[in-house]
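*Asks:* These are the residues of each chain, in order.
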Amino acid sequence: MFRILVVDDEVDFLETIINRLKKRKLDATGVTSGEEAVALLKEQLFDVIILDIKMPGGMDGIETLLEIKKIQPLAEVLLLTGHASMETSIEGIKLGAFDYCLKPLKFEELLQKIGAAFEKKSAHDKKIT
Amino acid sequence: MVFYKSKSIYINLQRKIMLIILCVSIIPLVFLGETIYYQFARTYGEKIEDQIKYRARSQSDAVEVFLRERTAILATIVDTHSFDDLKQQENLNRIFKVISRRTDGLIDLGVIDSAGQHLAYAGPYNLKGLNYFQQAWFSEVMSKGKYISDVYMGYRQWPHFVIAVRGYSNGRSWILRATVDSDIFNKLVRTAQTGKSGDAYLINKTGMYQTAPRFSGKILGKSNLDLTLFGQGTTVAEKIKADGKTKHVAGTWLKNNEWLLVITQDVGDEKGGLLTTRNTEIIIIVFGCLVMIMTTFFTMRIIFRHLEEADKGISELNEQLIQSDKIAALGKMATGIAHEINNPLAIIGEKAGWMRDLLDEEEFQESENFKEYEQSVNKIEEYVERARKITHNMLGFARRMEHRLDDVDINHVLNQTLELLQSHTQTNNIEISKDFQSELPIIASDQSQLQQVFLNLINNAIDAVEKDGLIEVKTRKKDSQIVVAIKDNGPGIAKEHLKKVFDPFFTTKETGKGIGLGLSVSYNIIKKLGGTLKVESKISEGAVFSVKLPIKIPGKK
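Line by line, the protein sequences give chains P and H.
Start counting the first sequence at 1; every next residue gets the next number (our numbering).
Start counting the second sequence at 1; every next residue gets the next number (our numbering).
Hints may be right or wrong, so weigh each one.
Straight line, CA to CA, 20 angstroms or less: simulated PhoX-like cross-link-like pairs of lysine-lysine [as the list claims (entries may be wrong)]:
#, chain 1, residue 1, chain 2, residue 2
1, P, Lys-69, P, Lys-42
2, H, Lys-351, P, Lys-25
3, H, Lys-332, P, Lys-106
4, H, Lys-487, H, Lys-552
5, H, Lys-379, P, Lys-106
6, P, Lys-22, H, Lys-351
7, H, Lys-97, H, Lys-87
8, H, Lys-128, H, Lys-87
9, P, Lys-54, H, Lys-332
10, H, Lys-487, P, Lys-106
Honestly, the hints are just simulated from the structure, not real lab data.
I would like the entire structure built from these sequences, with the hints used as guidance.
*Replies:* Below, the structure is given as structure tokens:
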């Protein structure tokens with residue numbers, strides 16, 4: 001079973017995303033800050049991490065991404081962004097993120113990208129095993 | 001800051017500067033002219049004085065020589081002939097004949113004994129036998145040996161003068177006397193007369209004319225010349241005549257200071273050249289002043305016209321800057337608002353999505369209002385999507401304007417722009433026909449600036465067609481360029497406006513609808529991106545704006 005971690009400081013948004021993913025029988029967990037995400041990643045393995053780039057106060061998206069890549073380099077990261085921070089998303093992809101989605105989300109697009117990330121991850125896992 | 005104020009300021013300033021320039025150029029010019037003229041006049045006057053002085057001196061020399069020669073002839077005769085020889089009438093006649101042949105100026109010759117008796121006489125008058133003992137000159141000759149008389153009437157009742165030389169033989173004194181031809185003598189003196197007003201004559205110590213003056217006065221008349229003016233040598237004096245004219249008078253004493261040779265010359269006469277010079281100078285100065293006034297006037301006008309235009313330009317530029325500051329502030333605000341709206345929008349979108357997910361569950365589907373719920377969720381999602389596009393477009397346009405290279409998909413940029421204008425075109429029933437070439441190459445260009453250009457061009461097309469129009473947007477790859485053509489079926493652009501459409505502040509739109517910057521800005525953006533923006537149009541056939549962009553393949557990231 002693949003595991004998804006969603007990191008977003010907006011609690012309402014986070015809860016809804018988690019509910020919708022779970023409704024589709026996906027194993028999704030949510031945290032509301034970069035720090036929490038880092039702490040959790042140190043204890044548990046995740047396959048896909050959905051990360052909001054804009055999180056005021058505490059660690060921002062890019063910092064969290066760098067930490068994630070240190071702790072679990074094989075986890076694929078999908079960035080969530082508003083239009084103005086598209087440059088940051090591109091930078092994020094350069095730093096190893098898998099892809100990005102624009103907020104407000106088109107949910108089908110998000111599912112597609114999660115699927116693609118899973119595929120990439122599993123292809124990678126097979127190589128290792 | 002407003003540079004351009006009002007026309008009167010420029011006119012006033014222009015007048016002041018012109019006045020200053022003219023003052024500092026014309027005053028020195030006139031002053032210089034005056035100085036040169038007076039300097040020249042002084043030198044000229046000195047030269048004329050020198051000239052008249054020289055003439056007086058040389059003429060007096062000539063007269064002296066004339067008198068000395070005649071005296072010498074008489075002295076030679078006295079020294080080489082005896083009194084007895086000469087008193088013979090035939091001998092005297094022969095000698096007089098020889099003298100008359102060899103020299104001119106003597107009209108007779110006579111021998112007078114010590115008692116004053118005229119013993120022999122050769123000449124035209126019958127003077128033989130007259131006695132001169134009582135005459136003044138007789139005693140003068142007897143005492144001095146040589147004597148030249150003043151002019152007098154004598155026995156002949158005709159003005160003349162005599163030259164007499166005393167001889168001495170056999171213990172007795174006698175006199176040889178000759179009369180000078182006054183015509184020849186007068187002519188000799190008059191050779192010094194020049195011009196229309198020049199005069200030359202002789203006067204004696206008492207002021208009596210010895211030769212006839214040219215104008216007023218006659219021989220032996222009294223001259224009104226003040227003799228005390230004339231000292232030793234040659235003296236030049238100025239004299240005011242009765243009619244107000246001045247004249248130069250030069251005088252030289254001769255014949256042992258008994259006669260004064262006088263040469264006169266009217267000032268006006270001799271200064272004729274000077275007057276011409278003065279007139280020429282005045283004409284040159286007046287002409288120079290005119291040229292200066294004209295040149296100053298015209299250059300000032302040109303300079304001030306340029307200045308006025310430049311100030312107007314600066315003022316416009318300032319207004320433009322203020323405008324772009326406002327736009328920038330507006331852009332910042334738009335960004336802020338878009339951001340703030342974006343997050344709630346995301347939550348609304350997700351909540352609606354969650355509702356849809358839940359509606360899929362069986363118990364909801366049986367609900368009596370299921371259709372209503374489903375429709376409402378659909379509508380919420382639809383409007384979230386619309387709001388999403390608006391905020392994204394707002395963010396896209398508010399991005400910084402500096403030139404930077406993105407990976408640009410032209411079709412995508414055009415689609416985005418058209419979406420932004422969709423509601424407007426729909427309400428006005430404007431049909432947009434898209435003819436995009438699929439798989440256009442992605443080029444390295446500035447996406448937000450291109451978006452601005454397309455927005456300007458399509459907006460212009462919308463303004464041109466007004467209601468129920470047709471706008472065609474076409475993209476093509478041609479050689480190494482991407483061509484975007486935006487065509488409208490509006491009224492078209494008049495030929496005389498075609499050249500000006502890309503000029504800043506040129507607009508045919510109603511006041512308040514546009515400031516005439518859109519096309520100018522677009523033109524400059526496309527130029528900066530290495531492309532071209534052209535327009536083709538004919539009245540009532542619509543207009544086509546074509547953007548050509550070079551295909552630059554983006555570098556690897």
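*Asks:* Does H:Lys-379 pair with P:Lys-106 here, judged by a C-alpha cut-off of 20 angstroms?
*Replies:* holds, 15 angstroms
*Asks:* Regarding the pair H:Lys-487 and H:Lys-552, is the alpha-carbon distance no greater than 20 angstroms?
*Replies:* Since the Cα atoms of H:Lys-487 and H:Lys-552 sit roughly 25 angstroms apart, the hinted pair is violated (cutoff 20 angstroms).
*Asks:* Checking one constraint from the list: CA of H:Lys-332 to CA of P:Lys-106, max 20 angstroms. Satisfied?
*Replies:* violated, 26 angstroms
*Asks:* Could you grab the alpha-carbon distance between H:Lys-351 and P:Lys-25 and see if it respects the 20 angstroms cut-off?
*Replies:* With a Cα-Cα distance of about 18 angstroms, the restraint between H:Lys-351 and P:Lys-25 holds, given a limit of 20 angstroms.
*Asks:* Hey, H:Lys-97 versus H:Lys-87, does the alpha-carbon distance stay inside 20 angstroms?
*Replies:* holds, 15 angstroms
*Asks:* Is H:Lys-128 close enough to H:Lys-87, meaning Cα to Cα at most 20 angstroms?
*Replies:* Roughly 11 angstroms separates the two Cα atoms, so the pair holds.
*Asks:* Next pair to validate is P:Lys-54 with H:Lys-332; report whether the Cα-Cα distance is within 20 angstroms.
*Replies:* Status holds; Cα separation ~18 angstroms.
*Asks:* Is H:Lys-487 within 20 angstroms of P:Lys-106, Cα to Cα?
*Replies:* violated, 34 angstroms
*Asks:* P:Lys-69 and P:Lys-42: Cα distance at most 20 angstroms?
*Replies:* OK: P:Lys-69 and P:Lys-42 at ~12 angstroms, within 20 angstroms.
*Asks:* With a cut-off of 20 angstroms on the C-alpha distance, tell me whether P:Lys-22 and H:Lys-351 pass.
*Replies:* Holds, at about 14 angstroms.
Comparing the model with each earlier hint shows violations of hints 3, 4 and 10; every other hint is respected.
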